[in-house]
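Knowing the structure of chain L, use the given hints to seat chains F and Y on it.
Chains L, F and Y supply the protein sequences, listed in that same order. FYI, in numbering that gives the first Met the number 0 the residues of the first sequence are 0 to 332. FYI, in numbering that gives the first Met the number 0 the residues of the second sequence are 0 to 163. FYI, in numbering that gives the first Met the number 0 the residues of the third sequence are 0 to 492.
Take these hints with a grain of salt, some might be off.
Stated by the list, open to error - Among the chain L residues that face chain Y by a calculated CB cut under 8 angstroms, a handful are:
| hint | residue |
| --- | --- |
| 1 | K161 |
| 2 | N168 |
| 3 | E216 |
Since the hints were derived computationally from the structure, they do not count as laboratory data. Backbone N, C-alpha and C define an ideal beta-carbon position, used for all residues, glycine too.
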Amino acid sequence: MTHRITRRAALAGGLAGLAAPGLAQAQERPPNFPVRPIEMIVPYPAGGGVDITARTLAQEAGRVLGHEFRVQNRVGGAGLVGHTYMAKSAPADGHSVGVTANPFFFLDFLTREGQFSAEDVKPVVGINFSPILWVSRTASPLGRLDFDGVIEEARRRPGELKVGITPNNAFQFVTEIVERQKGVRMTHVPFQGGRPGVTALLGGNIDLTNCFYEEVEPQLRAGELKALAVSDDRRFEPLPDVPSMVERGVRMPGGVWGANRFAIVPRATPEPIRRYLEAGLLRTLRDPQSVEAFTKVGILLRPADAAETERVFGSTRETLIAFLTETGRPVRR
Amino acid sequence: MARLAILLLLAGVVGALGWLSLGIAGGAGLYPRIVIGAALILLAATAVAELRRRPALGEADPELAALVSASGGGAGRTIGFLAVWLAHPLAMPVAGFLLATTAALAASLLLLGARRRWLAVLGACVFTLLLSLAMRLVIYVPVPAVGLDEALDRLLFALRAGRG
Amino acid sequence: MLDGVLAALAPAALAFGVVGVVVGIVFGAIPGLTATLAIALFVPVTFAMEPANGLIMLGGIYAGAIFGGSISAVLINVPGTPASIITGWEGHAMARQGQAPYALGLAAVSSGVGGLVSALVMLFLAPVVARLALTFGPAEFVALLVFSLVVVVVMLETPLARNLAGCAIGLALGTIGLDPVNGVPRFTFGVADLASGLNLVAVLIGFFCMTQALVLAREAAQGARRVELAFGGVRGAWRVLATVVSHFRTYLRACSVGLFLGVMPAIGPESTPFVAHAVEKRFSREPERFGRGSPAGLLAAEASVSANVGGSLIPLLSLGIPGSGAAAMFIGALTLHGLRPGPLLFTERGDVVYAFLGGFVVANLAMMLIGLFAIRYFAVALLVPKGVIASFVALFSLFGAYAVNNSLFDVGVMFAAAALALALRAVSIPILPVVLALILGGLLEENLVVFAITVPTLEALLARPIAVALFAVTALILALTVWRRVPGHPRFG
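If we strip away everything but chain L, and leave its shape as in the complex, we get:
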């Protein structure tokens, strides 16, 4: 695990910061905390990837730390409402911990209407990273091809392959990165999330789609869908035979273009409390029984401490701004 974290830190262009679990674990519980259940605030609806992560974390943290955690969904504006709440109005007493994911959190204020910034919150822990998958349908003409084959096909028939994306969001950005670097053009078909795209792919209405692993895991196992590549600089553990995009010659930093889930608190949260939460949640994420509980719901943990998460924030932000500027999209800072 340390090896991986170090690599990520090196990528962030910073110092090779070694996570220091020993230090973090020594953190003591502050007096008079908590005085009521700790709320894990999720800006997405119940049942989604972030929500399931938060619910599992809440249950496991409750078991490991011996006090109650609850999950609160603040849904609206595709995350905007919950993010704004965490950054601007959640009580900064440590009883409100936001669980959300990048690049969606950052995109809300970089390209969308979010009236907040990354400075309004402080990271507590990094939870996991789930790369974006490119999948095709096994029974379709494209089903025989691997990633390179599909790119070749797209080059042969410019604009004809139909790929499912979410408009102006990570799925579309990854598609654009591949298109720009490989010099191909495909037709983007907009969907409101990964699952509708998967449905359209299963019905043969599009040729490939972007999605997350948990959205297609059963279909992959049943052999109905085929994973072409993952948007990372390394392979994704549950899919050891699927190449990473970097491996296939697409330049992209690791750990950015996917769902990078983490926990945050409002900036004004007292430091001892934040450190206690950091130590406690890290302990939970490394607890063998918790790891098993997360595996059961299909989540592969990549725990990271706050300093590490902060560094990933920095690299994510740089990458996003560079991409948005390059593609001529306005960036609000």
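What follows is chains F and Y alone, placed relative to chain L:
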């Protein structure tokens, strides 16, 4: 006349949306312009029909007629009822769920002529407290918590910690 | 399979099923607390249970809440859950004719029949029926949505121009929020809460619950004590059962419509009774009774919703595609229990799936029995003074609108919707097409966009016979209606 005024108001709101839709860049504005345009045309057709045969407000809708009629008494208390419930969500972030809801429920019951006043107030208190407890122990709804609610939260948390 | 189904008869499973039904009925019956909210609030509760028991309880809650909504709809004309809007329309009319127990009994049994039919289809035909969901691409979806809107618009007896105006207003309201092509905010005025559009549940609560709370409040303020409804004697279950048996074909049609719309991804139980009711009216020998207390209309609405509930779980369990919003919530519940809904679920975790399906059957039977034999106790609601009913309907309208997304903004949306509903009523623009258009509007635009991209030419469209046929039928219905109700005819404007 009142009907025409309301129809104009509706058309005005829809028209305002239509005007705003002209400012939407790219293809995103096309669909709204079409449906809003259709709504405006159909509202105009409705207005023409109204002019031809001026029906009274609440015609064929006795419930509505009874609701908005000035006669028959109770208009003031109905407005009071509406005001109480409009004020309730505004009061919640300041006073907290327990206090705001108890007050609103009791006021609403008293306004609408509860026979035994003490029972209305007591009932409002007990009901709100039970609802609060249910929201903390069985189903979880994070209502605005200030003062009394936080105290209840702490009490339950302490009880639980003491037991465990 | 049999083992699994029989597992649902274990005492614990039975208890959870019945508890779920009771909780569902209570939630459903309270105006403002919707079926979806009940599931959302109880998913975490089931987290701690055995997977099969938790799912059985959720299934019971879902089935119970859909029926529960009909109780308040029939008795006080406030649909307890959006799926019972049409039931309230027919059922309350029946109640005013002194047939409340009969209407409630019919609702209970029809709900149960719809649920049982969908459970049987789930048990035996799930993989086949699930494929149906995939044959419907964007072209077919657009055709189906337009068809749904048109049948309801032409079915209503109010003037055609007003029905269409309502429909257009609903579609226009549906465009608020991020657009489906570029994710550009439309009509949001920089308010984050509006970016994902108006909260549908809050709007529906405003339309149907808050307005009715005001009506009740005015009546109470004028000194009316109780809801004036002759409850009649409970004339036995026999009359209900006789009606049920004699409406065999109605059930067949309603269950087919419900199952079919349920299987379609993203079409939930809210819009289904509109379509089933309109279709039934076309087939009925007494169409003039529809909307005025027609038992056939009530049966069709209620059975179709329940069939939809089961139907929406079919593609979920066998393909991993949720058939509705509430079904999407089931994905979360299943995942939290370590089950992955998808093509392998039946083979890998058949034990849990079949226990759940068995439990769903049990829950529907329990609901029928509770509904049929506990009707007399629901009448207690009529002993409560109107002022008290009005106050609690108002409180739960606020609470229900808030609790969907834990948002006070949505409470404001609810009040605005109530004002809009009153304005529309004042100018005799019917609310039903507004509601249906608002429910389906977002889906229609999303699919129109994908349709335009994936079916770019006329030839491509002609290669999709289902879509073409649906478009043709829709055009025919519309043309016939316009021709029959020519402009200038008083019923047009």
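Structure-based check of each hint:
1. About 6 angstroms separates the beta-carbon of L/K161 from the nearest beta-carbon of chain Y, less than 8 angstroms, and the hint is met.
2. Checking L/N168 against chain Y: minimum C-beta separation of about 7 angstroms stays under 8 angstroms; hint holds.
3. Satisfaction of the interface hint for L/E216 is found here, the shortest Cβ-Cβ separation to chain Y being roughly 6 angstroms, below the 8 angstroms cut-off.
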